[in-house]
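There are 4 protein chains.
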Amino acid sequence: MSDIKKVVLAYSGGLDTSVIAKWLQQTYNCEVVTFTADIGQGEEVEPARAKAEAMGIKEIYIEDLREEFVRDFVYPMFRANAIYEGEYLLGTSIARPLIAKRLIEIANETGADAISHGATGKGNDQVRFELGAYALKPGVQVIAPWREWDLNSRESLMAYAAEHDIPVDFKKAGTKSPYSMDANLLHISYEGGILEDPWAEAEEEMWRWSVSPEAAPNEAEYITLTYAQGDIVAINGEAMSPATVLEELNRIGGKHGVGRLDIVENRYVGMKSRGCYETPGGTIMLRAHRAIESLTLDRESAHLKDSLMPKYAELVYNGYWWSPERLALQKLIDATQEPVNGDVRVKLYKGNVIVVGRRSDDSLFDASIATFDDDAGAYDQKDAAGFIKLNALRLRIAARAGRKLS
Amino acid sequence: MSDIKKVVLAYSGGLDTSVIAKWLQQTYNCEVVTFTADIGQGEEVEPARAKAEAMGIKEIYIEDLREEFVRDFVYPMFRANAIYEGEYLLGTSIARPLIAKRLIEIANETGADAISHGATGKGNDQVRFELGAYALKPGVQVIAPWREWDLNSRESLMAYAAEHDIPVDFKKAGTKSPYSMDANLLHISYEGGILEDPWAEAEEEMWRWSVSPEAAPNEAEYITLTYAQGDIVAINGEAMSPATVLEELNRIGGKHGVGRLDIVENRYVGMKSRGCYETPGGTIMLRAHRAIESLTLDRESAHLKDSLMPKYAELVYNGYWWSPERLALQKLIDATQEPVNGDVRVKLYKGNVIVVGRRSDDSLFDASIATFDDDAGAYDQKDAAGFIKLNALRLRIAARAGRKLS
Amino acid sequence: MSDIKKVVLAYSGGLDTSVIAKWLQQTYNCEVVTFTADIGQGEEVEPARAKAEAMGIKEIYIEDLREEFVRDFVYPMFRANAIYEGEYLLGTSIARPLIAKRLIEIANETGADAISHGATGKGNDQVRFELGAYALKPGVQVIAPWREWDLNSRESLMAYAAEHDIPVDFKKAGTKSPYSMDANLLHISYEGGILEDPWAEAEEEMWRWSVSPEAAPNEAEYITLTYAQGDIVAINGEAMSPATVLEELNRIGGKHGVGRLDIVENRYVGMKSRGCYETPGGTIMLRAHRAIESLTLDRESAHLKDSLMPKYAELVYNGYWWSPERLALQKLIDATQEPVNGDVRVKLYKGNVIVVGRRSDDSLFDASIATFDDDAGAYDQKDAAGFIKLNALRLRIAARAGRKLS
Amino acid sequence: MSDIKKVVLAYSGGLDTSVIAKWLQQTYNCEVVTFTADIGQGEEVEPARAKAEAMGIKEIYIEDLREEFVRDFVYPMFRANAIYEGEYLLGTSIARPLIAKRLIEIANETGADAISHGATGKGNDQVRFELGAYALKPGVQVIAPWREWDLNSRESLMAYAAEHDIPVDFKKAGTKSPYSMDANLLHISYEGGILEDPWAEAEEEMWRWSVSPEAAPNEAEYITLTYAQGDIVAINGEAMSPATVLEELNRIGGKHGVGRLDIVENRYVGMKSRGCYETPGGTIMLRAHRAIESLTLDRESAHLKDSLMPKYAELVYNGYWWSPERLALQKLIDATQEPVNGDVRVKLYKGNVIVVGRRSDDSLFDASIATFDDDAGAYDQKDAAGFIKLNALRLRIAARAGRKLS
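Protein chains in written order, with numbering that gives the first Met the number 0: chain A, 0 to 405; chain B, 0 to 405; chain C, 0 to 405; chain D, 0 to 405.
Keep in mind the hints are simulated off the structure, nothing from the lab. Just so you know, even glycine gets a beta-carbon here, dropped at the ideal spot from N, CA and C. Wrong hints could be hidden among the right ones.
Stated by the list, open to error - Partner residues aside, some chain C positions facing chain B, computed with beta carbon under 7 Å: (1) G269; (2) D297; (3) K330; (4) A334; (5) R393.
One chain only, chain A, in its complex shape (with noise of 0.2 Å):
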């Protein structure tokens, strides 16, 4: 066993990373410093400090992150239009760098020697925050509870809590949702129970953030969404922050049943996994993105950002986002934001987020193009007949060199 003097562990106060502050304290021996952070999950934070306390913890952080969250990761990863396998809005993995670089700085502050979390030993989160932090510190040493001890039941959890007088929220741990939560101010994500069964379907009482489609208002309801370098400065002309800005796409989608996504990924440990999502704000902002960019953005541009967005979001939903091919992306990314700067008009209903208007100062829309050509000879309909016997010519010379297209 290394020789841990100081812990930093990310805790939410919850029964799980309770019993590893005291599993840690009695393990190794050593001072547990404890971090809680408010990135939107819906829950109170500051109740995990009287719990710390209990605990006997000396050094407890709690933080209001939502802003820094969505500003510089959320915010950032919208740019790339960064879906995972092709209908994954990444909302858990976004939140993960931000807590590794919390957990990373505070060590530095307080001292510390590790950081620890109460990730699995099975899914991507371990991962995420393990990757970071080594990238943030390399020296630093990673406490992963659930791949070391043997409490791996919620009978010895609730056992080894009892023991140790660890309070539990006995009506919470006994009402706990069959399945396991993960939010944030991007989504909520809900894996295990029946899920397990790909083939079955969702039940209505697992969602929380979002009305069903059928219980959405009848009445459609449009927004509009300013846009100033690729990132939400304004709703319905209302300026907000970035975290405000996401509150209220969430509730607004949420009502009008936005943002509900079931799917089978494929975890980067290597084995498939069923999980459902809700995303209502993150849905209505990669539709609007799109739009934006439609817009004011190159053709080649946007196809080049196309073309890298898949690995783009490989890396983030990996644990790569504290990496340099990341951040190598992100700066060609970014680099093509600055005209992405307009207005999207979006009609929400039941569920549909529709794109019905998008507008710019740097549009590159030009409805008179038919036109155009009077005036600058920019388009001349013959010259298409060249654009097209030039780009023919190698298949004209394989065709007739013998190659068959088969």
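Model the placement of chains B, C and D on the given structure of chain A, informed by the hints.
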């Protein structure tokens, strides 16, 4: 003017291509062969015969290509999950190579030395027709009247028709839609009219194939799609031919308000244009294909496909169906589809296409992965530590060397 | 310790794998099957039999795999023009999947439940062996002694050998090269020793397969390579089997000082390492293959291959030969090679491989393209204006909209 | 004919562009501004002044652009390790955007409404000039005389010159090389003549910048190149400007027979062509840049660059230097070059460029990685087992499900 003896014309039977037929006869003093195909555009093709005969056409081809269209063009494309610019399902693009192929085959059969079409000089379709034609018959002459003549207004067309006794369906011509439309079994498209203002919402009356989400049934409908090697072979357990599958999905999707799209896209000829599309069946197919792949495709095969998809879609959009590079990509794609078998259950409701279940005898999903390690040693949570450590190694070395990640 | 009954060992007959054989017998109390292959490493394989017998091995496999190696591994890889990190011809990487395959086949034949190899825990080879093994027999056990035992020095190995009556070729062991080497028909590699200082120049005495450029003949030698579907089938007009081709090219190339390489590369396990390689035949093959492709491959097929080559090379380097993604890429690559036929003339002189001519019945090169337009209208210089105008259109629109290019 | 008042001509001072100058004056009845640049082609530019004056040209620009050429064009391109089609170092391609930029700047300064150049209608250069021009000044007129006039033979050019009192350097014209050549500080190219037969070996007399390997010194020469942020800043410890670096490398490389290339390439306009190139300095630069990157670049940054390199090279080759997509890629590339500092030692001998050493304060190479785990726990050989196991998991699951790898 090249010395052209016989030209095969892609003939719809409508005013424009009737004028073209006559204009070709007069301008080139050549024989005209007409080719009219049913590719699911929803209009009778047989009436084209009498119109062609009335103009003295002797060789008239009228064909039902619906099965070939779906089997050999639509289905292979959907195996690639092709989407252009994140949104467009390539409904127009995919029909052109089939028409080009038949034009050339008919030219070979009839001894024609040229082909002709009614696409304008500013759009993508001229490119798609002509690249295909040149690739399949390198010495063919192509006549694109819209790039050559001066009949560039509806009035001049009507006048020409009147002058040359071309029967005009005045009722139809009089009530002509303000939109430029194109339809086939995969979609119907709209351009022009008020759509030229990308801020203006499309009018409800414009849409022809689908009801609005608002007007769709209040009851959801569930359907089960059965896949064999990446293609849908049955709906709700009933085996169907490719064209029948698509017709049926169009019917069901249209009924539930599925598949409307309103975008600004980048044409190959260099300008942006705004288009609206209805692709009810295709919209269902894309989601369902991704769902069955999610269960049956290996992760890296799926990611490889995703990384190549934008290239594939661009090739189809730009008119390079008949090219060695599209064929090579298709080999790769098709090589992945052998295990893409099984059922997808989809819920349709007021514009939403919701995948609710997927199952397959070729599934790579294993909910019992938890117990997997017990019998086969496949997953030991402790392995994750090594996995992360080695993936982090380069990042740690870089951090130790003082590299900053910002 | 898993309950292992029989293990197939990749056995070279040398000290290390002899110790491993004994150690496996002792540690696992299991039967050992030895597998020794001639893949062109330039050492006799038959002596391994007596050594294995002396240790009481009952099932001994000794095989000449040279033809299979070149035909099914080297040749397909060269069709891809694979180079790792711009320099490395993957000589070690490409041999491992063949060994893995045979290990598993022999395990299946002999009823073994495990395989074992002598690769260390810090290199790529362990990964390549084991990924292949797992991919081909998912339940197999893998024993990598270097990751498990404590015989981690030459002294402890020698002591173990002495203690267990393993015959040590002291002459060989005593004059052991300071380098870690690996050889097969494609190359010989060197690591370690003074190479660990990347600033130090490799010593001339290190190189074994080639003379230095300085020591090469003062007269150049010309050879003609004949390709059929992307593979070399004859040298100077003489038809040869794949292995004979490579042997002959190694001989000629080595004589002319061709194919030495000195690089720092990035290992899959996360560290950089410095390696020197001699790949005389392969160096000729790469240049010549590109030359015959330059004449016979369509431009976009070639560019598609080039864009995928780094991915392909990375897969081979990292040990994913036996993976669905490598196979899918191979389908694409092989689909392009049908017309890659013809002759390449190469001049070899003191380390230089100079392509001086290429010809093919499938050539797409047409020096008379100047007159081409006369008969077939393929190239009219005026077409170039339209080609440029339309390709420039998006750039002009952007410039008109005030976009800056800096 | 467009109404053109003033045209800026890329003027070499030679016969062709002198005839063009006169032809422009006569045909368009416009003023001509000449622009002659020294980009290292090895010919005096000042004599162009008298020739232009003799034709009555009033605005004459003669400029030394060598430093700008290397600093802003060659160096950024070499940061990308750009090679077109696996062989070509883009020597001609990279000079055109600079010329296009200055043509447009001069047009803006002099109030010209058009530019003109002497490139033919079948090559890439017309595209490169004109795409650049349109991208930088969207309303500019472009006059490409070779696509317009009928002076399409040397005889007609000479006759036109005689008729219009254009002084012809008969000695030069009489001994005109059978090759079409283009030179700048990066390379000299040859096309035409016997090269039109791709099977014919280039004649020794053709080459102008380098001796043959046979004629090169019998003694090798070692040089040390110092890099700062990806660019060479010193040779053998002596700091030099970019142009001086390239001049010096050309001198040394040419002396040692380095940098000859003989290829068949695919032009953007659709045909194959055979070209020979001498790029002595560039050939050294590419190898050396890869070498310094091998030590200082993170693996995934390097692989990302490699995966994008073919795209980047294609953009440069096709004339899209002045495009948002090239600029976005450059941002990514440049973002990786900050740590690309240090020295590379290269041995030059009879055509060979042999990297023999590299060192850097920013090195990520760590020969003591073996002991690394001791102090920092970075590498534990046992981690490799977990790394392999998890990377193999998807392959094992697939194999267990009966998937075949063939």
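Against the structure, the hints:
The closest approach between the C-beta of G269 (chain C) and any C-beta of chain B is roughly 3 Å, which is under the 7 Å cut-off, so the hint is satisfied. For D297 (chain C), the interface hint holds, the least distance from its beta-carbon to any beta-carbon of chain B being 5 Å, beneath 7 Å. For K330 (chain C), the shortest C-beta to C-beta distance to chain B is roughly 4 Å, which falls under 7 Å, so the interface hint holds. Given hint, A334 (chain C) at the interface with chain B, holds; its Cβ is 4 Å from that chain's nearest Cβ, closer than 7 Å.
Because the smallest distance between the Cβ of R393 (chain C) and any Cβ of chain B comes to about 5 Å, under 7 Å, the interface hint for this residue holds.
The structure meets every hint from the earlier list without exception.
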